[in-house]
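Student: Using the sequences provided together with the hints, build the complete structure.
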Amino acid sequence: MKKDQNNRDSAIIIPFPGLKDRYYEKGVSSLEAHQFQEAVDLLKQAYQMDSTDPQISAAYLAALYENGDYHDSRQMANG
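What the sequence shown shows, in the working numbering, is residues 1 to 79, in sequence order.
Relax, there's no trap hidden among the hints.
For each label pair, taking beta carbons as the anchor points, the in silico distance ranges come out as:
#1 14 <-> 71: 32 to 42 Å
#2 70 <-> 14: 32 to 42 Å
#3 78 <-> 37: 19 to 29 Å
#4 71 <-> 12: 29 to 39 Å
#5 33 <-> 11: 33 to 43 Å
#6 53 <-> 12: 15 to 25 Å
#7 74 <-> 11: 31 to 41 Å
#8 76 <-> 25: 17 to 27 Å
#9 71 <-> 48: 10 to 20 Å
#10 16 <-> 51: 11 to 21 Å
Calculated from the structure, these hints are not laboratory results.
Even glycine gets a Cβ: it sits at the ideal position worked out from N, Cα and C.
Tutor: Written out as structure tokens, the structure is:
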């Protein structure tokens with residue numbers, strides 16, 4: 001039993017193909033619809049998958065700012 005649990009704990013999780021792009025697209029749509037908390041949640045997922053993508057970073061930063069998360073948006077902007 002312990003061996004199975006250890007294997008499960010060390011398993012690598014591979015996301016569905018295109019999931020990052022889907023999070024980004026839905027997040028931007030939510031941002032445009034002024035659903036800022038939903039945008040933050042979705043874009044955070046995309047950002048966690050690829051923090052080097054400038055489009056995702058910019059959209060996530062905008063969502064944080066529009067949602068009133070000024071401290072987090074400032075930290076992110078300052079790197």
